[in-house]
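Asker: Sequence:
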Amino acid sequence: MSKSLADLCIFCIANNLQNINNVGAFLCQNDHEVLLELLCDHDMFTAYNLPYVTRQLLTSRLKNIALRYSRQVNDNLLHCVAQSGCKLKSFTLLECAKVTGEYKNAVLPFHRPQFELSFIKAQPEAQYFYD
Numbered sequence: 000m001s002k003s004l005a006d007l008c009i010f011c012i013a014n015n016l017q018n019i020n021n022v023g024a025f026l027c028q029n030d031h032e033v034l035l036e037l038l039c040d041h042d043m044f045t046a047y048n049l050p051y052v053t054r055q056l057l058t059s060r061l062k063n064i065a066l067r068y069s070r071q072v073n074d075n076l077l078h079c080v081a082q083s084g085c086k087l088k089s090f091t092l093l094e095c096a097k098v099t100g101e102y103k104n105a106v107l108p109f110h111r112p113q114f115e116l117s118f119i120k121a122q123p124e125a126q127y128f129y130d
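Mapping of the sequence shown onto numbering that gives the first Met the number 0: position 15 corresponds to residue 14, and the numbering continues sequentially without gaps.
Hint data in this document are derived by calculation from the structure and do not stem from the laboratory. Using N, Cα and C, we set each Cβ at its ideal position, and we do this for glycine too. Incorrect hints may have been included.
As a list, the in silico BS3-like pairs of lysine-lysine whose alpha-carbon atoms are at most 30 Å apart [said to hold, decoys possible]:
{"hint": "1", "residue 1": "Lys86", "residue 2": "Lys62"}
{"hint": "2", "residue 1": "Lys2", "residue 2": "Lys62"}
{"hint": "3", "residue 1": "Lys97", "residue 2": "Lys62"}
{"hint": "4", "residue 1": "Lys86", "residue 2": "Lys97"}
{"hint": "5", "residue 1": "Lys2", "residue 2": "Lys88"}
{"hint": "6", "residue 1": "Lys62", "residue 2": "Lys88"}
Quick list of simulated restraints, FRET-style, between CB atoms [claimed, not checked]:
{"hint": "7", "residue 1": "Asp6", "residue 2": "Arg60", "range": "13 to 23 Å"}
{"hint": "8", "residue 1": "Leu4", "residue 2": "Thr99", "range": "36 to 46 Å"}
{"hint": "9", "residue 1": "Cys11", "residue 2": "Thr99", "range": "32 to 42 Å"}
{"hint": "10", "residue 1": "Asn75", "residue 2": "Ser3", "range": "25 to 35 Å"}
{"hint": "11", "residue 1": "Lys62", "residue 2": "Asp40", "range": "15 to 25 Å"}
{"hint": "12", "residue 1": "Asn20", "residue 2": "Ala96", "range": "27 to 37 Å"}
{"hint": "13", "residue 1": "Asn75", "residue 2": "Asp40", "range": "17 to 27 Å"}
{"hint": "14", "residue 1": "Ala24", "residue 2": "Gln82", "range": "13 to 23 Å"}
When you get a sec, could you build the whole thing from the sequences and use the hints?
Answerer: Okay, here's the thing in structure tokens:
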């Protein structure tokens, strides 16, 4: 499978979050979302990267977050998302084993009248939040 130039650039940014000063200011909304998904997909939410993610990527420009199948997504990360001031339209959390029942307290600040929360109970550990 070949990768596009855009995919390679996003992956390069993900690997160099600590070396690019204020990386979030240079990315458009879609790139923020793609970068967060890539960090999740490749288990790059490490303790080393988390401060850069919370400070530079979790901004008010963020509209959609999808976190799927990660062993590193936990309640602490959800709390950081809740504290970031993101104006989310959708939030997807699927099979993240380290997220406990306490995540609901972190998600509550997202809840606005136009933001619908829906839980899918067909699979354990699966929750979907969508607009």
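Asker: Evaluate each hint against the coordinates.
Answerer: Verification of the hints:
1. Simply put, Lys86 and Lys62 have alpha-carbon atoms about 6 Å apart, close enough for the 30 Å limit, and the pair holds.
2. Of the pairs offered as hints, the one joining Lys2 and Lys62 holds, with about 25 Å between alpha carbons and a cut-off of 30 Å not exceeded.
3. Taken as a hint, the Lys97 and Lys62 pair is honoured in the structure, with Cα atoms around 24 Å apart against an allowance of 30 Å.
4. Between the alpha carbons of Lys86 and Lys97 the distance comes to roughly 24 Å, so the proposed pair stays at or under 30 Å and holds.
5. For the hint pairing Lys2 with Lys88, the CA-to-CA distance comes to about 29 Å; that is within 30 Å, so the pair holds.
6. At most 30 Å may separate the alpha-carbon atoms for a hinted pair to count; Lys62 and Lys88 meet this at roughly 5 Å.
7. Between Asp6 and Arg60 the Cβ separation comes to about 21 Å, which falls inside the hinted range of 13 to 23 Å.
8. Evaluation of the 36 to 46 Å hint for Leu4 and Thr99 yields a pass: the beta carbon distance comes to about 40 Å.
9. Checked against the hint of 32 to 42 Å, the C-beta distance between Cys11 and Thr99 comes to roughly 34 Å, which is consistent with it.
10. Judged by the Cβ atoms, the range 25 to 35 Å given for Asn75 and Ser3 holds: they are separated by roughly 33 Å.
11. Taking 15 to 25 Å as the suggested C-beta distance range, the pair Lys62 and Asp40 conforms, at roughly 19 Å.
12. A hinted range of 27 to 37 Å for the beta carbons of Asn20 and Ala96 is consistent with their spacing of about 34 Å.
13. At about 19 Å, the beta-carbon gap between Asn75 and Asp40 stays in the expected band of 17 to 27 Å.
14. Checked against the hint of 13 to 23 Å, the C-beta distance between Ala24 and Gln82 comes to roughly 20 Å, which is consistent with it.
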